[in-house]
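Residue numbers (the numbering used here), protein chains in the order written: chain A, -6 to 294; chain B, -6 to 294; chain C, -6 to 294; chain D, -6 to 294.
Everything labelled a hint here was simulated from the structure, so no lab data went into it. It cannot be assumed that every hint is accurate.
One copy or two, it doesn't matter: identical chains are merged, so the pair holds either way.
To be verified - For lysine to any residue, the following SDA-like pairs were computed, each having C-alpha atoms within a straight-line distance of at most 20 Å:
| # | residue 1 | residue 2 |
| --- | --- | --- |
| 1 | Lys3 | Tyr223 |
| 2 | Lys15 | Val208 |
| 3 | Lys15 | Glu195 |
| 4 | Lys3 | Asp125 |
| 5 | Lys3 | Arg221 |
| 6 | Lys15 | Gly96 |
| 7 | Lys3 | Gly276 |
| 8 | Lys3 | Val31 |
| 9 | Lys3 | Glu112 |
| 10 | Lys15 | Arg221 |
| 11 | Lys3 | Arg87 |
| 12 | Lys15 | Thr134 |
There are 4 protein chains.
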Amino acid sequence: MQLGMVGLGKMGGNMAGRLRDKGHDVVGFDFDPEVRDVASLAELAQRLPAPRTVWLMVPAGAPTLQTINQLADVLESGDLIVEGGNSHYVDDRRRADELRERGIAYVDAGVSGGVWGREEGYGIMVGGAPEDVARAEPVFTALTPDDGGYVHAGGVGAGHFVKMVHNGIEYGMMQAFAEGYELLAASDIVDDVPGTFDSWREGTVVRSWLLDLLVRALREDPELDGIRGYAEDSGEGRWTVQAAVDHAVPAPAISASLFARFASRQEDSPAMKVIAALRNQFGGHAVTRSTDDDSVQTPPS
Amino acid sequence: MQLGMVGLGKMGGNMAGRLRDKGHDVVGFDFDPEVRDVASLAELAQRLPAPRTVWLMVPAGAPTLQTINQLADVLESGDLIVEGGNSHYVDDRRRADELRERGIAYVDAGVSGGVWGREEGYGIMVGGAPEDVARAEPVFTALTPDDGGYVHAGGVGAGHFVKMVHNGIEYGMMQAFAEGYELLAASDIVDDVPGTFDSWREGTVVRSWLLDLLVRALREDPELDGIRGYAEDSGEGRWTVQAAVDHAVPAPAISASLFARFASRQEDSPAMKVIAALRNQFGGHAVTRSTDDDSVQTPPS
Amino acid sequence: MQLGMVGLGKMGGNMAGRLRDKGHDVVGFDFDPEVRDVASLAELAQRLPAPRTVWLMVPAGAPTLQTINQLADVLESGDLIVEGGNSHYVDDRRRADELRERGIAYVDAGVSGGVWGREEGYGIMVGGAPEDVARAEPVFTALTPDDGGYVHAGGVGAGHFVKMVHNGIEYGMMQAFAEGYELLAASDIVDDVPGTFDSWREGTVVRSWLLDLLVRALREDPELDGIRGYAEDSGEGRWTVQAAVDHAVPAPAISASLFARFASRQEDSPAMKVIAALRNQFGGHAVTRSTDDDSVQTPPS
Amino acid sequence: MQLGMVGLGKMGGNMAGRLRDKGHDVVGFDFDPEVRDVASLAELAQRLPAPRTVWLMVPAGAPTLQTINQLADVLESGDLIVEGGNSHYVDDRRRADELRERGIAYVDAGVSGGVWGREEGYGIMVGGAPEDVARAEPVFTALTPDDGGYVHAGGVGAGHFVKMVHNGIEYGMMQAFAEGYELLAASDIVDDVPGTFDSWREGTVVRSWLLDLLVRALREDPELDGIRGYAEDSGEGRWTVQAAVDHAVPAPAISASLFARFASRQEDSPAMKVIAALRNQFGGHAVTRSTDDDSVQTPPS
């Protein structure tokens, strides 16, 4: 089918490539003249026959919002926007309502798989009305692997909700491996930490794609010396915790994973300053860095 | 090679079967006359040519300790015990020292894979002196899948240490899926929770063997109606947290996973009684079940 | 000074009483004819000389919003509303902007202390423009204890933000006592758990008002037999976690406290059903309640 | 009464001083010749009339063990040792058994209160046989405040078990204040963070001795600029978590507090290196410090 793709960066560019390989006709727009097929959203709309399908793959937040607004001006009633970025599911629902008044349909699609998706296929989680989703289904199945990877999870917002939860789970799984790695590395009993992870790829309960990636990373850098323990978080990890709180769902492991990332980015921890200050107070010390507890004693007699 | 196998239950029996399929000569002992080849440990020792290799696959704790003590009496200098159960790594090291005085070698082997290992192969993590491990290596490689699954992780205790950490990671991964599931199920935005997990098996970051198992469970029981939210924990989850504490390694996600299991088994929570009692106190209520907070107000005017 | 008080329930009624004791002239409105001084908000406005100060003490959410809207219609430019309920700080700021257009000033006041505040005084945390806060300061200082308990924390919203964080801290402190209690009660080494808490009231690091309340509760019911481990949460605990996530502040203890409350209210845990289902899967059991782990073995040989 | 005090450091020295103020006859030993009354444990034993009571106040672990062994050689049947340091309760029970064979009684006493105890009195939690505890009771009551602070919690080990749990609770309370502080400081809505904590000292639910200390710390250094967020932990925090795990007691808040201290002392986090490495892997980046997530996109078109 014919498809407009807005945003031809690492994700959008790879996805456009995969779609073309599968025989789809993709007209791409990007700010970068080197990679785009058309020079404006207006030209994109002109190049596509109505009813049009346009896939958005731009950064979440203001860029996505802005692009949708611009698209709404050049599209017409009967067209369909597929928001493939990392929008919040609540925003999806509000936008869909607004676009519906102009006759433009809206489907949200969470995309997983990173740079590997170009060859292996992406995981695609879609939310929208059945008739809207059906229109873009050839694109969804072309993007996913042959034997799975696609779900129509529910109405508008469900795709990004599901992708959000996927990322929350991903946070917890990564943190589990991370804690296990640190314990193995801290112990003096294990001689071969990379080999241990490698062996787990077969026969064990923890075998997984993330383990494969970790083994790959440890082959390149067996003690991770070249990597700082500094971890960004995306909006989706935060949203998962906030959605859990909204729904009164206990999420201790996922929130622990998120908080560990927050802490990893702090030069110094205000919270731990308080702990140090309190220990100073009840230990009676004036020093900056306390090494005493409330029951500290002098050297033994 | 020839091998004695003590303990022919679900794990030991399957392992003996796999070893025989691979051409090894296994002499098995069990309390159950139906499944055993020999009627006593003494007979087991007689049937095996020296130097003997005997694999233990009996429950952790007292049964394992007792069996090792009995075996030590019927084995002789030069023989090798492979402890394949779930011993604590500290116990391994003490036992190996004791057995070494009698000339008996000791290797610890952590085994992962459950009932699936019979066909797919097990993950095997081994600790011991290189010369001792080498003697049993044909058995290790026969138990593992063709292309991996085996690691000699370090000296005595390293096998069970690594298996312990593996299980700790497993706890965290399972908890991540569990929290994600609960959030998906709690939301009214997702229509197809089982289908969502199914779609994740391809193309996503969370694809894993545990996900495969979860999809399998959801096919059998899409809302898990037939299952109570009651989860046992094995020693290894507890030991992972305790080892993390011993090594000053933060393990918030793994410990959260363990604590969630503890809580799942409580009829009522003494801790939450305290919370309820305190809320009653500052809310000034005499009732058993408080539904008030410290700033609760009367109906509006 | 003269003050209107809307909402004469447990909190508002006690506060009106304390203010009268301190010499203030309080005109109260409530839906309950038994306790009110005036029969409508319109009459309340008539009874107060301009510029008026009206304190709201009604449930958070819709009741507060509705009351503010009704008040705005009977008040006039120059009047002041003090929102003493549990509003979210973001709502405060939006409302203040709307009221400002009508010339009505808005101050938010977080109130702590529960039923004890009537005698002991309340903690009052205020947000608003200095000139607005100054107008109600006689009321704030009358409500608080003689030697403290009052802070003007910042602009509009700061009072409720601070009260929200206060409650978050309260959650963490309560949870700490709760976990400690459960461990003491679970141990067979401690003969006198209530006496232990009682002793802590003097000389220790944990002495606190919450400890006093816990001792009081344990005197009434030494093993808390009459209390279910079922704990509600107020919006402020949830908001604290969500604000922490918004600000990238790690809040592991406070969020653990919140999640423990969520879990306490569940008949059965969907998350733990997943754990049980997964254990069933890799343990190969068809049973509903699994008691096996992935390395479970048969009885020893 | 007459009492030997071994260890005259910050804790032992202050306690000896308080006991003398209360009319007790304390004979002190320390390695420091400046502060001691006798030059050896043998001399200490000679100076005290039988049956003797000797209080130990030396660092936990090897120093305490060594001192008990040396004391056992100079004391005689009928004497009593009070272990006032931070011993593990399991060690108490083993030692008491060993000393009982020599006729020496053993009582364990957990001491809380830090440098403030000299004037305000200490919290004292005692474990031991009733007749042994009774012998030292005049000392316990002299050390505690006039109106409380003393508990005989159970048999040998109960004193240190209770003190351990006290410290676990202390960890959780400190962490709660710490997280609250960080959130207040991170927000741009609160103008007066130190004033906020100060106001909480009266009328609120969180009023406590730890809050008093925090207010004191913030008066000295309102933004804690002179303090690093580096926090030691004592054995008792770790033991609390391990005892909770042993007793299957969920302790999410206390363990979160302990893990936060562990993390505060790390130059770089091995666990977070894994997170960064994994993000690099699925984001396809070779760089050391990843700032990409699995769904990262290029700048919008």
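Tested hints:
1. Lys3 x Tyr223: Answer is neither: 22 Å inside a copy and 40 Å across each miss the 20 Å cutoff.
2. Lys15 x Val208: neither (31 Å within a copy, 29 Å between copies)
3. Lys15 x Glu195: Classified as between: cross-chain Cα gap 18 Å, same-chain 32 Å, threshold 20 Å.
4. Lys3 x Asp125: Neither, since 26 Å and 51 Å both go past 20 Å.
5. Lys3 x Arg221: neither (24 Å within a copy, 41 Å between copies)
6. Lys15 x Gly96: neither (30 Å within a copy, 64 Å between copies)
7. Lys3 x Gly276: Result: close only across copies, 9 Å inter versus 54 Å intra.
8. Lys3 x Val31: Within one copy only: 18 Å inside, 64 Å across.
9. Lys3 x Glu112: Answer is within: at 13 Å inside a copy they meet the 20 Å cutoff, but 41 Å across does not.
10. Lys15 x Arg221: Neither, since 39 Å and 45 Å both go past 20 Å.
11. Lys3 x Arg87: neither (28 Å within a copy, 39 Å between copies)
12. Lys15 x Thr134: within (10 Å within a copy, 42 Å between copies)
Consistency note: the structure conflicts with the earlier hints numbered 1, 2, 4, 5, 6, 10, 11.
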